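My numbering puts the first residue of the sequence shown at 182, with every later residue one more than the last.
If you're looking for bench data, these hints aren't it; they were derived computationally from the structure.
Warning: the hint list may mix true and false statements.
Stated by the list, open to error - Distance windows between CB atoms, simulated:
(1) E368 / A269: 52 to 60 Å
(2) R211 / R324: 19 to 27 Å
(3) R438 / P303: 30 to 38 Å
(4) G496 / R211: 53 to 61 Å
(5) G238 / A378: 30 to 38 Å
(6) G414 / D230: 34 to 42 Å
Source: prediction; values computed, not measured.
The C-beta atom is built at its ideal place from N, Cα and C for all residues, glycine as well.
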Amino acid sequence: MTPTYPVALDLAFRRAVVIGGGAIAIEKARGLVECGAVVTMIAADPGADAEELAAHGAITLRRRGYWPGDLEGMSLAIDASEDEWTHATCAGEARTHGVLLNVVDRPEYCDFHAPAIVRRGPLRVAISTSGESPAIASALRARLERLVGDEWEPLTALVGRTRRGLRSRRVPRDRQERAYGRLLRPEIRGLLRSGQADRAESLAVEAATMATTAGAPPNGRVALVGAGPGDPGLLTLQAVDLLATADVVLHDALIPRTTLRFCGDHARVIDAGKRHGRHGCSQDEINAMMIAFARQGLDVVRLKGGDPFVFGRGGEEMAALVEAGVDVMVVPGVSSALAAPEAAGIPVTMRGVASSVAIVSGHQRSLRDRARELVRLRDLAASVDTLVVLMPLTALGDIVAALTPVVGSDRMAALVSCATWERQRTVTAPLDQIEDAALEAGMEAPATLVVGDVVRVAGGAAAAAVARTAAPAAVSLPA
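Take these sequences, add in the hints, and give me the full structure.
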């Protein structure tokens, strides 16, 4: 099938005809009337809705079937008659008179396909499958209806007014784009959603004023965003929102490409992470980049695996940004400390088995090279029912050696690798055997270690997860 070209037609004061009198015909007629078209409806049995539209002067109603010649002088025609002779005859007449024709559910006759539409005032989001599957278009429309709230109508008008004002003053395009970027921030929509239109209008005026003022641009903003354990379906809606509008995205090494697809086409995406064999950016360098970009008036997303404040150095980054006078916001993420055990079928708490849990870092800088941290780890393990260790692979032997005298060599442990990713794997073994099991299985980072009786209780689910392939959610806007 040849791809169709999506357009938005201006039908104001143009003549259009709808053939048929059922529910679909009424829907099409109402849509055309809303767009300002001069609508004629032809139907032998028009029904009460069509009669009401005609009584109010919205349409001209011809109470009969289609006749050849009915398309003459029309700009657009929609045939919803379900009559084969009408379909074929309309198609021939449309070609003769150069009329754009849509025959409902008969793509072979169509010059255009009517998309499923989400309407928010002047905003129209159209979804088309080029006639292949109206059901899919309708399903996507239903999903977008939930995602695109009513606040988008006043937002569209607000951005439109700002755009006209900036263009009339001949403001350079780059400054215009910065103003629009500020208006598209999630908090502006939040104000409109909560009925604070005056406050949103004030921010629009402020953005326009900044755009027309010579000199250095105003500071941008940095959002510390948690990306969750890996499956993009576990991103928060706010995280998706910020990624779509960010000018710069600084991400950790282990952020999957499927998550980075949510970044806007205009965004500069920078891998700031550390991997084996590559040092990446130091924390000071990352802080300096965030501050520098924000001072250029750019909106920055610092995208971190899991939750930014759970062993993600988010606290350090926030402190550096605040000290530099940069606006900062934090978007929580699903922490791997909870998501990894859950993905392997292991609850970290369970009535009658475990009522307390502790989360620690197993990074080599925290444990391997610091004996005092191993002492703290032993003390902590003795006081909780479930211990979750993030980033344990490099120091796994030292961790096992520190824990065994406290919890016992036969305490069950599970190691979950690449939780929620397609290549997720889980191995379970007594604590004194978990290192060998991990080596044999070739477990890779990111990994999470779980130690406690919950592993034994959930052994069936955890064992079933060994070497299994996870089924992460498809890459799409959460519904």
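Hints, verified against the model:
{"no.": "1", "hint": "E368 / A269: 52 to 60 Å", "result": "holds, 55 Å"}
{"no.": "2", "hint": "R211 / R324: 19 to 27 Å", "result": "holds, 23 Å"}
{"no.": "3", "hint": "R438 / P303: 30 to 38 Å", "result": "holds, 35 Å"}
{"no.": "4", "hint": "G496 / R211: 53 to 61 Å", "result": "holds, 55 Å"}
{"no.": "5", "hint": "G238 / A378: 30 to 38 Å", "result": "holds, 33 Å"}
{"no.": "6", "hint": "G414 / D230: 34 to 42 Å", "result": "holds, 41 Å"}
Figure legend: structure checked against the earlier numbered hints; every hint is met.
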